[in-house]
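All chains, please: the whole structure from these sequences, using the hints.
Residue numbers (our numbering), protein chains in the order written: chain A, 104 to 265; chain B, 470 to 556; chain C, 2 to 771.
Keep in mind the hints are simulated off the structure, nothing from the lab.
Glycine is no exception: its CB is placed at the ideal position from the N, C-alpha and C atoms.
One thing to keep in mind: the hints can contain errors.
The calculated label-pair distances, taken between Cβ atoms and stated as ranges, are [claimed, not checked]:
(1) C:K84 / B:S512: 13 to 21 Å
(2) A:P224 / B:T534: 42 to 50 Å
(3) C:H36 / A:S125: 17 to 25 Å
Chain by chain, the residues run as shown.
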Amino acid sequence: MSSKRIVTCNINGRPEEFLCQSRQTLLEVLRDVLDMTGTKEGCSNGNCGACTVQFNGRPVDSCLVLAVEANGAEIETIESVAPAEGLDALQNAFLEEAALQCGICTPGFIIQARALLNENPNPTEEEIRFYLAGNLCRCTGYDKIVRAVQAAAQSRMASATT
Amino acid sequence: MPRVFIPPQLRSLTNDLTEVDITGTNVRQVIDALDAKHPGIRSRLCEGDELKPGLTVAIGRRMGTLGLLEKVDENSEVHFLPAIGGG
Amino acid sequence: MATAEKKYKVIGTRPIRHDGVDKVTGRAKYGADLHLTGMLYGAILRSPHAHARIKSIDTSKAEALPGVRAVVTNADLPQIGSKIADLGEGMFNLQHISRIALACEKVTYKGHAVAAVAADNIHIAQEATALIEVDYEPLPHVMDVREAMRDDAPILHEDVRTEAFASATDEPGDQPTNIAKHFFHEKGNIEEGFSAAHLVLEREFTTATVHQGYIEPHNATALWNPDGQITVWTSTQGTFVVREQLSGLLQEPISKIKVVPMEIGGGFGGKIVAYLPPVAAILSKKSGRPVQLVMDRTEVLEATGPTPGSYMKVKIGVDSEGLITAADAYIAFEAGGFPGSPIPAASMTVFACYEIPNGRVNGYDVCVNKPATKAYRAPGATQAAFAVESVLDEIAEQLNIDPLELRLKNAAVEGTRRVDGVEFARIGMRETVEAIQQSDHWKSEIGDGARHIEGPAHYDDGNKRCGRGFAAGFWFNAGLKSAVTATVRTDGTVALLEGSTDIGGSRAGIAMQLAETLGITAEEVTPTVVDTDSIGYTDVTGGSRVTFATGWAAYEAALDIQRQMVKRAALIWDCNADDVCYEDGRIVGPADKSFTFGELAAQVHKTGEPIIGRGSSDHNTPGGAFAAHIVDVQVDLETGKVEILRFTAAQDVGTAIHPAYVEGQIQGAAVQGIGWALNEEYFFDDAGEMRNATFLDYRIPTCYDVPMIETILVEVPNPGHPYGVRGVGEVPIVPPPAAIANAIYAATGVRMPNLPISPPNLLHALLENK
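This is the structure in structure tokens:
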């Protein structure tokens with residue numbers, strides 16, 4: 104058994120330290136070592152986006168990141184999206200628009216959509232679909248997901264001006 | 470009298486009749502009566518004391534749920550169909 | 002769409018689903034999220050060969066690897082004989098399931114499970130599988146249904162003989178064959194019917210193997226306790242059918258088995274058969290620890306049941322007005338490595354949308370060296386509809402009749418007798434097609450409003466061509482059994498326990514029906530999906546049955562609560578229970594006395610025993626469902642790529658309990674159908690190996706590939722349900738491939754009788770047509 108390395112990073116605004124083997128992915132460490140199971144595994148090779156986390160300011164597929172690469176990184180997962188009280192605009196929008204059925208892809212979509220709205224607060228439908236094309240959903244046909252992102256964009260802009 | 474619709478591949482046992490009027494108040498009785506008239510049919514439809522696996526009954530316009538115990542009334546049509554599954 | 006909303010207080014509204022917050026925050030626990038103390042991780046060794054005999058398996062090196070706690074093969078499962086179990090949504094041979102879980106004597110598809118390891122972590126388990134030595138004798142393989150039906154085809158199972166459905170033939174034949182089953186339906190006189198026709202068209206079709214594509218891979222965690230109690234936590238469409246399968250495969254009574262539902266990340270019919278639970282159970286028994294098995298995506302594609310590829314021949318005759326005089330179908334389904342494809346359903350849905358005076362269907366279940374097929378949303382119907390709706394489209398064109406008019410002329414109605422002999426009750430085929438006729442989409446120019454096209458779409462715009470296509474479809478829907486228990490809480494709310502695992506928001510629809518009946522709000526009902534020891538037998542979440550059947554059980558439980566509340570009020574008011582009634586959420590007695598539900602609930606514990614309602618359902622009147630879809634496409638003549646410009650799906654949905662989730666079912670299924678039509682297929686090489694077993698190359702639609710999916714909910718309440726519910730989940734996957742093929746023809750003049758209509762396939766056809 105190969106020896107473990109110590110990784111120090113910042114996850115969801117908290118300093119985190121964990122032990123891992125070189126062959127473990129960030130996804131595996133989040134789920135199995137840190138017990139943060141909100142990030143999901145759908146395909147293990149970077150094609151479905153269910154494992155999306157925010158990594159040093161960009162959304163990435165955590166199944167394609169080795170845990171050791173996280174040393175010194177700033178990571179945000181689905182567990183950090185909701186504020187101390189209530190839910191984030193995107194989370195509310197997903198619920199109101201019924202943008203989830205089985206919900207397994209939802210954490211990945213929310214991380215990715217949040218990155219989109221942070222970059223582009225008022226995206227067109229085309230821009231939303233393009234930005235989210237790396238997140239697969241098999242249940243909803245995407246219609247209500249796109250509508251939820253549009254609704255969240257409106258709601259974020261409205262609260263930004265108040 | 471209940472009317473049994475004979476599955477196409479069993480019509481050789483019923484002298485090519487496609488529909489047979491037969492007495493009975495449940496599917497078991499109907500099959501027994503049918504077998505009395507056209508011997509050999511029961512063994513194609515039943516296994517032991519149940520309908521053959523993979524076989525189901527429709528009474529009139531709805532699917533049966535009780536197998537041989539399904540009630541059959543005066544004007545019922547009885548159909549034997551393959552069991553199907555959804556997804 | 003607001004029909005139900007006007008009639009009811011809760012039904013027809015769109016409350017937030019009760020499990021919603023957990024799902025948008027990542028708190029909801031799916032099967033792979035479970036961590037038990039001392040849990041081991043499992044990995045499975047799978048066959049590299051499409052067809053081979055297993056001569057020996059040597060697990061000694063794997064067992065010796067530090068960190069490995071148990072290794073199992075099929076020999077560790079009880080050897081059971083061939084036994085058919087009725088798992089509600091289909092008949093399954095338990096011996097086959099046992100041999101699919103872990104191969105016995107032979108492997109019949111690449112990826113077939115051969116052995117399993119439980120170890121301290123997943124990496125050790127995977128390393129250990131590489132140390133298991135299997136001596137295979139590779140055998141010739143057969144991958145195509147027509148080839149597999151030939152007399153000289155390599156045989157998958159020596160004991161398979163063609164079983165004809167309800168046949169008078171004594172002996173099923175003494176030669177082994179790959180043709181496991183033959184279904185035959187006949188109505189009227191087919192020869193006379195064709196003789197009377199003005200126009201007869203006969204066309205051949207093929208479809209490729211396609212997977213349900215749920216994003217969450219299969220998982221199971223099992224604990225075989227020293228006291229003999231077996232607990233399995235799993236993401237499944239049916240905890241009770243998993244229990245049945247475990248009981249049959251492990252030869253343990255159901256009283257020793259408890260199945261706990263975790264949240265489930267999609268199923269579509271593919272998570273009914275228990276691939277992992279039996280393997281996890283025997284690994285747990287051998288190691289004395291809980292064991293978790295989770296598949297990866299390649300395993301899911303290679304070794305769980307996709308829907309069959311097919312070869313079909315459909316012949317339809319019509320008179321000069323377009324009325325069908327005769328219809329004949331030959332359908333051969335690839336069952337995969339074990340018999341049991343959904344050919345029975347395909348044989349009965351193929352002509353179900355229409356009045357067929359003279360009809361005949363021959364359906365065949367054929368083994369090939371591909372993964373053993375299982376249910377995929379309206380199983381078998383999509384393939385059959387692809388063939389029939391393409392032929393009808395061509396007939397409409399040749400007779401110069403509008404394609405919708407052709408369907409309406411021939412539409413099945415109440416009293417129409419299907420080719421399998423059964424008459425339809427009240428159905429909505431006509432209404433659904435008419436809804437399309439009256440739709441904004443049908444009345445608009447092709448491509449109007451499409452996001453990729455600026456201004457109206459033009460037919461002759463350089464190398465792009467646009468076209469519109471239509472198709473209809475049918476699915477039965479199931480009733481089957483469900484049970485619920487509902488407890489009145491003193492704060493005026495109800496705790497609802499049910500056994501239908503929630504794949505699509507069904508908790509909400511069930512809670513809403515209970516709430517409606519009691520006159521309280523949806524938020525005042527707390528639904529929980531519980532394990533097999535905590536609720537009465539409940540059939541699978543599938544077959545479009547949950548809102549119908551579990552909803553009906555909830556309705557019964559609510560009536561039960563009403564009766565008890567009435568008695569309790571009579572006690573409190575010291576009057577006769579006959580003088581008290583339950584009305585609109587209030588309990589009303591003599592002399593203007595009344596309680597709201599909440600007021601009486603507050604008094605329950607002070608006035609007697611707890612009030613618990615029970616309800617169960619075995620009702621079998623869900624009604625069939627019809628769907629009618631239109632699609633506008635744009636074809637790039639240079640690349641063969643097809644863009645979906647606009648898609649409208651109409652469906653008779655009965656009463657839409659929660660309209661957003663009904664729309665969602667239709668939209669999700671339509672997009673699955675789009676993927677089926679345009680890209681999805683299992684690509685096998687000469688060695689019988691799937692070369693595109695990842696989501697990169699098994700290409701399901703992304704959100705960039707599709708537009709908004711417009712839905713038209715035709716709400717004709719189902720007379721066979723207290724709230725008019727009709728199943729909705731499956732039928733919307735039936736029309737899309739045919740509608741798209743018809744649209745492509747309209748755009749290019751080229752008929753595509755083979756799925757998928759992927760860019761290389763279409764380009765090839767376009768070039769050939771030049």
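We went through each hint and held it up to the structure:
Separated by about 19 Å at the C-beta atoms, C:K84 and B:S512 satisfy the suggested range of 13 to 21 Å. Against the hinted window of 42 to 50 Å, the Cβ-Cβ separation of A:P224 and B:T534 comes to about 56 Å, which falls outside the hint. At about 23 Å, the beta-carbon gap between C:H36 and A:S125 stays in the expected band of 17 to 25 Å.
Hint 2 from the earlier list is the only one contradicted by this structure; the remaining hints agree with it.
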